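Residues per chain, in single letters:
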Amino acid sequence: MTVATDPVAVAPAKSRFRLSWPWILLGIAGILVVMSLLRIVTGVDDLDSSGTIRATLIAAVPIGLAGLGGLWSERAGVVNIGLEGMMMLGTFGAGYFGYFYGPWQGVVGAILLGAAGGLLHAVATVYFGVDHIVSGVAINIIAAGAVQYLAGMAFTGVPGGGQTQSPPIDRLPSITISGLSEPLGEIERENWFVVSDAAAVLRALVTNMSVLTIIALALFVATWWLLWRTAFGLRLRSVGESPAAAESLGVNVYRYKFIAVITSGGLAGLAGGFLALVAANAFRDGQTGGRGYIGLAAMIFGNWRPGGLFAGSMLFGYTDTLRLRGGGETVHALLLLVAVFLVLLALWQWRQHGRRSALIAAVLGVVVAGIYMVSDQVPNELATMTPYLTTLLVLAVFSQNLRMPAADGKIYRKGSAG
Amino acid sequence: MSSTTTAGTAPVGSGDVVVRLRGIGKTFPGVIANHDIDIEVRRGTIHAIVGENGAGKSTLMKILYGVQKPDSGTIEIDGEQVSFSSPSDAIAHGVGMVFQHFMLADNLTVLENVVLGAERLHGIGDAAREEIRRLSATYGLDIDPDDLVADLGVGARQRIEILKVLYRGARIIILDEPTAVLVPQEVEEMFDNLRGLKAEGLAVIFISHKLDEVLSVADTVTVVRRGTTVATLPGDSVTSRQLAELMVGSELPSPSTEASTVTDVEVLEVADLCLPDPAGGRPLLSDVSFAIHRGEILGIAGVEGNGQAELVESIMGMRPAATGRIELNDGDIAGWSTRRRREAGIGYIPEDRHRQGLLLDAPLWENRILGHQTRRPNVKGPFIDRAGARADTERIVEAYDVRTPGIDTLARALSGGNQQKLIVGREMSGEPSLLIAAHPTRGVDVGAQAAIWDHIKQARREGLAVLLISADLDELIGLSDTIKVLLRGRIVGTFDPARVTPQQLGSAMTGATEEETQS
Amino acid sequence: MTDSRMTRIALAVAAPVLALVTAFVITSVVLILAGDDWLGVWGQILSWPSNRTMVNIVNSATVYYLSAVAVAIGFRMNLFNIGVDGQYRVASFAAAWVAGEAWLPGYLNIVLALLAGMFVGAMWAGIAGLLRVTRGVSEVISTIMLNAIATAVVAYFLRKVAIRTEGSNIISTKPIAEESRIPGIPFLGGEIYGFVVVAVLVGVAYWVVINRTRFGFDLRAAGQNESAAVASGIDVKRMILVTMLLSGAAAGLVGMPLLFGQDYAYGSTFQSGLGFAGIAIALLGRNHPVGIALGALLFAFLDQQSNPLQILLDVSPDIVKVTQGVIVLAVVIAYEVVRRYGVRIEQRQVAAALDAETREKEVSA
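As given, the protein sequences belong to chains A, B and C, one line each in that order. Here the numbering used here is used: the first residue of the first sequence is 888, the next is one more, and so on. Here the numbering used here is used: the first residue of the second sequence is 483, the next is one more, and so on. Here the numbering used here is used: the first residue of the third sequence is 131, the next is one more, and so on.
The shape of chain A in the complex, shown without the other chains (with noise of 0.2 Å):
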């Protein structure tokens, strides 16, 4: 089984476009442009004011570095639906050594009970040759009832603790740069049209910044490199594509499949530290809420590819600092992005695929633009669903148009190659 475009869809068209420099500051210059718009046409400040996105990156981080985790064992062939189990053995380690030792021992916690869920995952799939989501379910199962029974023990009794959550635990340290942040701040107050937005942006990012936050940011930039341009990252990748051929040519793939699962693990536990030491200042029962397999989506959504992942992760925060922060009002501002999203995408269908699924894009762009209108908020309760139905969508749109490690899902065992 695998988690992504199956073989009874339309063959993905070969697409040889590779992200490079310009085109990225390009899509940043864009995506500005038409936030800038949305925001004076909707009169919605808080679509992108500094909070905002600074709410954005603290809701990204957690499903970005769970989509890491996604990253590094699919790209070794091995499919990691278990991403949410392993973050809430993150959210109890953070809790648990958070609170017990300090913060920084909750982050090394959160790595090595999210890397324990890995090992076991590995163990499974690779050397029992289970079923890799079979596993996945499995081990989130476990972990869900291995999170409740363990916080009931070590945080029933604790003065703030309880059967379902920690007492507060000690800060990260964070970094504001005060020299930048205030007159950002005077820049982005002045509703200039796309200069204030790009002001709050780089407000965002000098003020109040976490750490770990940091950390994760340079995680991204550490898989690429370790995974793209050093001779790991080829046997690990290589063992994704064609385990056959790289054990053909000895590289040990049982090895590469355990080590990129374990880190995936670690990575996934790391997201739910993130979630209790940053996001919260506390372990609280379901604190993950899913973002493990939205994680999975923005990773596909990225095409298995570190750049595309953040890119992902950054959509699904947004959406679901939206519905937080501004609840209904914020939300429906967002629908008329949706509706013009669907209406150019109609566009693109009619000149790529066929008429039927530009018309199905643009008859369900008209229908969002009509609720727009008609409409003055979405519902709290609906509101709630944004991410979700974000990854829904994003991925009913660009599945098609991906390509997962060819062996991705699929079970090797010792011995089969030639």
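I should point out that these hints are in silico values taken from the structure, not numbers from a laboratory. Do not take every clue at face value.
What the hints assert, rightly or not - In silico SDA-like links for lysine to any residue, alpha-carbon gap of 25 Å or less:
| hint | chain 1 | residue 1 | chain 2 | residue 2 |
| --- | --- | --- | --- | --- |
| 1 | A | Lys1297 | B | Asp834 |
| 2 | B | Lys551 | A | Pro1055 |
| 3 | B | Lys551 | A | Asn1139 |
| 4 | A | Lys1301 | B | Glu659 |
| 5 | C | Lys290 | A | Leu919 |
| 6 | C | Lys367 | A | Gln1287 |
Claimed, not checked - Covered, in the sense of this in silico footprint (three residues per stretch, anywhere, with C-beta under 8 Å from a C-beta of chain A), are these stretches of chain B:
| hint | segment |
| --- | --- |
| 7 | 562 to 570 |
| 8 | 589 to 600 |
Computed from a predicted model, the values in this text were never measured in an experiment. Quick reminder that beta carbons are idealized off the backbone N, C-alpha and C, glycines included.
Based on the hints, put chains B and C in the right spot on chain A.
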């Protein structure tokens, strides 16, 4: 078991013994793949190992390359006893292997495929790129390190495999059935390459079951039969008849031509069949037209990947994007589903039986239902007729000589030949008017091969129309009444098997003299 | 022939036993490490349940059973319907609303509500099926997302149609009228859900359709080998869609025993998380209706027997969730190991049979 072991006396060859295998044995569940194997390979020679499918040649080579560990026996390289626990040990001792099924990752570049596992030699960057260019130029391999493997054809892939071995500085090169995917001209070229390697003092181990090829290039021939070495002979003083006798105890079966049974009743007519490439490249099929009559076998020749699979799948209705006219017994079936086409009398032996032909983890009798799940004796109304299906499976097992302990055995447990015989029996049931047979004898032992050929010939006599796709040119020439050649999705020639030679077919398959290097 | 069947049955039993033992050991280790009274815990869990507990076990197992069958339908064709959780909640809400409105009298109202629930469950699952066949979106991700979306959608509609219970902030649909409730069946002095009967019927229907019909054969074939299924003339896309719809319809029944036998309304406190238990139980029962029944009883047994742990021994009953999780992981590993062992045995049998045959031939030649 009668064996005439004369191993150990390599009569030809100048150099020292670089590989010495002594008493190698290997057992898989229920199968003794190898036992008492004795082989000596000398420097500067081409040493062929021949044997029929399933004789244990490939297992033996995997042992020599460290993919599998022998249960018994010893391996000596350059006089030093070694024990390989993984291919990297073998590579470190100068052993390289080109596998029958290419060991390449499609989505990685040539460079990445070549340097994988040997990153220490020249890194993974420009130094490695230079070295690949140098080797490619020296040996005339015509390989660009930055191509994506997915974009390359069969010939180029094989040259990458050879380059991989050379890159690691191998002195002992194993080639497992390297000619299976090549046309005769390419085979000649490859043999020239091998002679070049030999002249440089390398030892080449060449595995094949095509005896004529073996005799044209090998200095020494070792025959493997039922998992053990039965003879080692000089390549220049042995005939293919003698080798065949050693290999299977008799002459090899040949798909001899029989009197024509072709009628003028058209069974299948294909006209202007086109199939666009979903990825937007050159069409997979363009304007393919032909007709097959009752009692006729139409053979399709072509280098792998030139549209054979797509042609078959279009006729079977598995490619909805195909356009054109397909008529079966004068009825247009182009818009029909696969199931309806099957019900109308098309039998289908797919090219990859594990992927398309069988439910490996289901018992034989359920496999008998597959593809016939709307017809008697398998079903009654909406229900599966277990008794009927089981009884008919017994009949197939008996009539087609499927060697199995029973019909509850899982398909996975059978040997390739027996799996294929079951498929042939299944597809012949229900009295089809058209049989599509894609590589019907690929990878099966000679017994099954002869039986399958007999069944096809028998059915042809009884008026079946057969579309035969095969990479084995002897099979095509032997069985077909007409041969058409498919190149880049087009039919580029029609030949009379009574007059055509494999060389002529080869020329047509590759587009005369042009190599398919650029594709 | 019967030999190989016997071996297969023996191996099929060996795996779950192995898994249970593993789960027992690991849970004990966890308890010992945590410093809990591990013997006491097992003493309580493995004690003979009281009559009341028995009734609870059967009731809870009924719900688990339906959920696991819904999951198993998907599994049989290699579809991971992780969305049973969302499907049953959407369906239960719809059925509760329909039943509460009481457009039809008495039992007809039940039938209408059940049909509505199955229809809504099927549609909710159908979204995932449609996305898979038309857009190539994996049902694993889409059903997980649909679970979260279901929560939001149900909350929204519940607020629209809900009535508020006096003196609490729990909101729920209109309660089902007395005459449209499903009466319980007397059992050990208590009453078990009348819906047990329906659950049994669902199990039988599932077994017959999957194992004895042409449709079931197509479904299994498509699940075992998609390419071979296509070559055999099965429209795999259609099968994916139909299977998702069936799985969703079955999921639509999951909440019905609760709705018609216990809660009589859908409220914000309606039991959730049943879909995930269903996945675990389907894996444990190997998608076989009898296996699933045993698995459902086991899970319900562990749940109910662990309830008093907190009071009796000050041990969190969550420990059985660890046990249940370990059982699932251990059982899938054990099945895989046993399967491979079984294939080896079979290959050996084939080889042995053939050897005998060749020897005969050589003698006669």
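Hints and how they fare:
Taken as a hint, the Lys1297 (chain A) and Asp834 (chain B) pair is honoured in the structure, with Cα atoms around 18 Å apart against an allowance of 25 Å. Restraint check for Lys551 (chain B) and Pro1055 (chain A): not satisfied, since their Cα atoms lie roughly 57 Å apart, outside the 25 Å limit. Restraint check for Lys551 (chain B) and Asn1139 (chain A): the C-alpha separation of about 15 Å stays at or below 25 Å, so the hint holds. This hinted pair checks out: Lys1301 (chain A) and Glu659 (chain B) have alpha carbons roughly 23 Å apart, not beyond 25 Å.
Proximity of Lys290 (chain C) to Leu919 (chain A) is assessed by CA-CA distance (about 38 Å); at most 25 Å being required, the pair is judged violated. Distance restraint check for Lys367 (chain C) and Gln1287 (chain A): the Cα-Cα separation of roughly 16 Å lies within the 25 Å cut-off, and the hinted pair is therefore satisfied. Counting residues of the segment 562 to 570 of chain B whose beta carbon lies closer than 8 Å to any beta carbon of chain A gives 3, which reaches the threshold of three, so the coverage claim holds. A count of 8 residues in the segment 589 to 600 of chain B with a Cβ less than 8 Å from any Cβ of chain A is obtained; the coverage claim is therefore met, three being the minimum.
Hints 2 and 5 from the earlier list are contradicted by this structure; the remaining hints agree with it.
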